[in-house]
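Engineer: Top to bottom, those sequences are chains A and B.
Each residue of the first sequence is one higher than the one before, starting from 11 at the first, in this note's numbering.
Each residue of the second sequence is one higher than the one before, starting from 11 at the first, in this note's numbering.
Everything labelled a hint here was simulated from the structure, so no lab data went into it.
Hints are supplied without guarantee of correctness; some may be wrong.
The list treats identical chains as interchangeable, and a pair is accepted whether it falls inside one copy or across any two copies.
[Said to hold, decoys possible] Dumping the calculated SDA-like pairs for lysine to any residue here, alpha-carbon to alpha-carbon at most 25 Å:
no., residue 1, residue 2
1, K130, T14
2, K54, H118
3, K130, S67
4, K130, R35
5, K130, Q98
6, K54, C115
Protein chains: 2
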Amino acid sequence: MQLTRAADYAVRVMIHLASLPSGTRLPLNMLAQAVNVPESFLSKVLQSLTRAGLVASRRGTDGGFTLAAGTNTASMLDVIQAIDGPIQLNVCLAHDGSCARSGNCPAHPVWLRAQEALVKVLAEARLSDMGTHAHSASLAAIN
Amino acid sequence: MQLTRAADYAVRVMIHLASLPSGTRLPLNMLAQAVNVPESFLSKVLQSLTRAGLVASRRGTDGGFTLAAGTNTASMLDVIQAIDGPIQLNVCLAHDGSCARSGNCPAHPVWLRAQEALVKVLAEARLSDMGTHAHSASLAAIN
Numbered sequence: 011m012q013l014t015r016a017a018d019y020a021v022r023v024m025i026h027l028a029s030l031p032s033g034t035r036l037p038l039n040m041l042a043q044a045v046n047v048p049e050s051f052l053s054k055v056l057q058s059l060t061r062a063g064l065v066a067s068r069r070g071t072d073g074g075f076t077l078a079a080g081t082n083t084a085s086m087l088d089v090i091q092a093i094d095g096p097i098q099l100n101v102c103l104a105h106d107g108s109c110a111r112s113g114n115c116p117a118h119p120v121w122l123r124a125q126e127a128l129v130k131v132l133a134e135a136r137l138s139d140m141g142t143h144a145h146s147a148s149l150a151a152i153n
Numbered sequence: 011m012q013l014t015r016a017a018d019y020a021v022r023v024m025i026h027l028a029s030l031p032s033g034t035r036l037p038l039n040m041l042a043q044a045v046n047v048p049e050s051f052l053s054k055v056l057q058s059l060t061r062a063g064l065v066a067s068r069r070g071t072d073g074g075f076t077l078a079a080g081t082n083t084a085s086m087l088d089v090i091q092a093i094d095g096p097i098q099l100n101v102c103l104a105h106d107g108s109c110a111r112s113g114n115c116p117a118h119p120v121w122l123r124a125q126e127a128l129v130k131v132l133a134e135a136r137l138s139d140m141g142t143h144a145h146s147a148s149l150a151a152i153n
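Next up, chain A with everything else stripped away, as it sits in the complex (with noise of 0.2 Å):
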């Protein structure tokens, strides 16, 4: 079972434009070296995020990518989700209640328990902290 690694690229790149100075845009390059990720899948994670209103996008000569207004509140949850669809730990939970057994399986109890627990850390980490912490990172880094 693993999430998807263009959900943890997501994950990375959202923490990286929430740790910018607010309104600050950077062109794909420059976000791809940041991240180190290759410039052709960074730009299809980029495409999700914006189709999902996580991330504004402007083109030309002083375009780039920037957090969408109010993202700051997105939790880690949301970016996943806007790339990967809703979690779904096994066929067990599948949201369409296509399995007969779920009314007296006593595995599905806990399925649906485990990923409760896996959802709400990730729900509870916003991208606003971890973009600070980041920031501290580099700084720290640096000097």
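Using the hints, position chain B against chain A.
Structural biologist: Same frame as chain A, now just chain B:
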């Protein structure tokens, strides 16, 4: 992100075995029918569970599968890891320490806490408790 279907099947069959009177041995076809899993797939799952020491098997006309001694205290985590190996939420948490970013990456401790929360729920879920629940549910269905 999903746990494998094999791990789901392993959990199902282990709970079923735990719900039976101690020492009950069942052949593959009866187990497959009871947990609603294709025989060929279940056979591979049972091989892995036997290798991991969670299931004991015997060949022959009175052969079949039973819980290995002491397995009643095993957890859902034990069963899942017998099939899928150690739970690893994403590449950031690789056990080989291959991520050079982990030391100053603000996402790393969040991934770690999320994984720990998930693992804790699965480690606390004992097969013996779930087997009792399954046994009661099947009796209730009969009556």
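Engineer: Evaluate each hint against the coordinates.
Structural biologist: Outcome of the hint check:
1. K130 to T14: Result: close both inside a copy and across copies, 19 Å intra and 22 Å inter.
2. K54 to H118: Between. Shortest inter-copy distance 23 Å satisfies the 25 Å Cα cut-off; intra-copy 35 Å does not.
3. K130 to S67: neither (30 Å within a copy, 40 Å between copies)
4. K130 to R35: For K130 and R35, the Cα distance exceeds 25 Å both inside one copy (31 Å) and across copies (41 Å).
5. K130 to Q98: Answer is both; intra-copy 13 Å and inter-copy 18 Å each pass.
6. K54 to C115: between (40 Å within a copy, 22 Å between copies)
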